[in-house]
Amino acid sequence: MSRTFSLFTAVVLALTALSSAAPVENNSIVQLDSNVVAASAPVQLEKRKKHHKKHHKKSKHHKKSKKSTTKKKSSKKTTVAKSSSSSSSSKSFSGTATWFTPATEGGSTGACGPEEDDHSLIVALNAPQYGDMSEKSSWCGKKITITGPAGTATATVNDACPECGHGDLDLTPVLFKKIVGDMNKGVGKISWHMS
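If you count by mature numbering (1 follows the signal peptide of the UniProt record, and there is no 0), then the sequence shown holds residues -21 to -1, 1 to 174, one letter each, in order.
Just so you know, these hints were derived from the structure itself, not from any lab. There could be a bad hint or two in this list.
Stated by the list, open to error - Restraint ranges, calculated between C-beta atoms of paired labels, are given here:
no. : residue 1 : residue 2 : range
1   : SER113    : GLY160    : 33 to 43 Å
2   : LYS164    : HIS98     : 12 to 22 Å
3   : SER174    : HIS98     : 11 to 21 Å
4   : THR131    : MET162    : 16 to 26 Å
5   : PRO128    : HIS98     : 19 to 29 Å
6   : SER113    : LYS164    : 28 to 38 Å
7   : HIS145    : THR124    : 10 to 20 Å
8   : SER113    : ASP161    : 33 to 43 Å
9   : SER113    : ASN163    : 27 to 37 Å
10  : ASP96     : LYS122    : 12 to 22 Å
11  : SER113    : MET162    : 25 to 35 Å
12  : SER174    : ASP96     : 17 to 27 Å
Glycine included, C-beta positions come from ideal geometry on N, C-alpha and C.
Kindly generate the complete structure, drawing on both the sequences and the hints.
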């Protein structure tokens, strides 16, 4: 009897440990008081973090970029994108940083072409600033300097992030660690400008 009880106890303890360490699904979160949530600024960052986790589970933004780079568009649209990009290149931008899995690590080839790995200092630029997603942007290959809570680093624009808003950047893991710090956060506030 004591052997059965010990086995049962071990199973219960293991399941308890697993359930406390398991990821929480959105539908299992207890609803908080709406006044507390509305008054809390970090909630926006938490929503972005949850979106980021879903975004990486789907991993579609790099696939969309890869598929769309093979389409041909008129050079007239490219000229418009270049002129709007060059006029904004001297400005400083702020937004949210996320991180992605590069092509050689299981992701897809970047929108600007060359493959990258976890150790590449490259970024995926947000769609509003990248321009026409079916074309290679004038931002491709440009060096930018990014500052975040953990530090500052220089990187090269090598991809596009369709889900990212104006000013946002999607970073490789090594770059995210240098600029934001903790990979488990998933997101962090940044500012950046052309180098």
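Results for each hint:
no. : hint                        : result
1   : SER113 - GLY160: 33 to 43 Å : holds, 35 Å
2   : LYS164 - HIS98: 12 to 22 Å  : holds, 20 Å
3   : SER174 - HIS98: 11 to 21 Å  : holds, 19 Å
4   : THR131 - MET162: 16 to 26 Å : holds, 18 Å
5   : PRO128 - HIS98: 19 to 29 Å  : holds, 21 Å
6   : SER113 - LYS164: 28 to 38 Å : holds, 32 Å
7   : HIS145 - THR124: 10 to 20 Å : holds, 18 Å
8   : SER113 - ASP161: 33 to 43 Å : holds, 35 Å
9   : SER113 - ASN163: 27 to 37 Å : holds, 35 Å
10  : ASP96 - LYS122: 12 to 22 Å  : holds, 19 Å
11  : SER113 - MET162: 25 to 35 Å : holds, 31 Å
12  : SER174 - ASP96: 17 to 27 Å  : holds, 22 Å
Checked against the numbered hints above, the structure breaks none of them.
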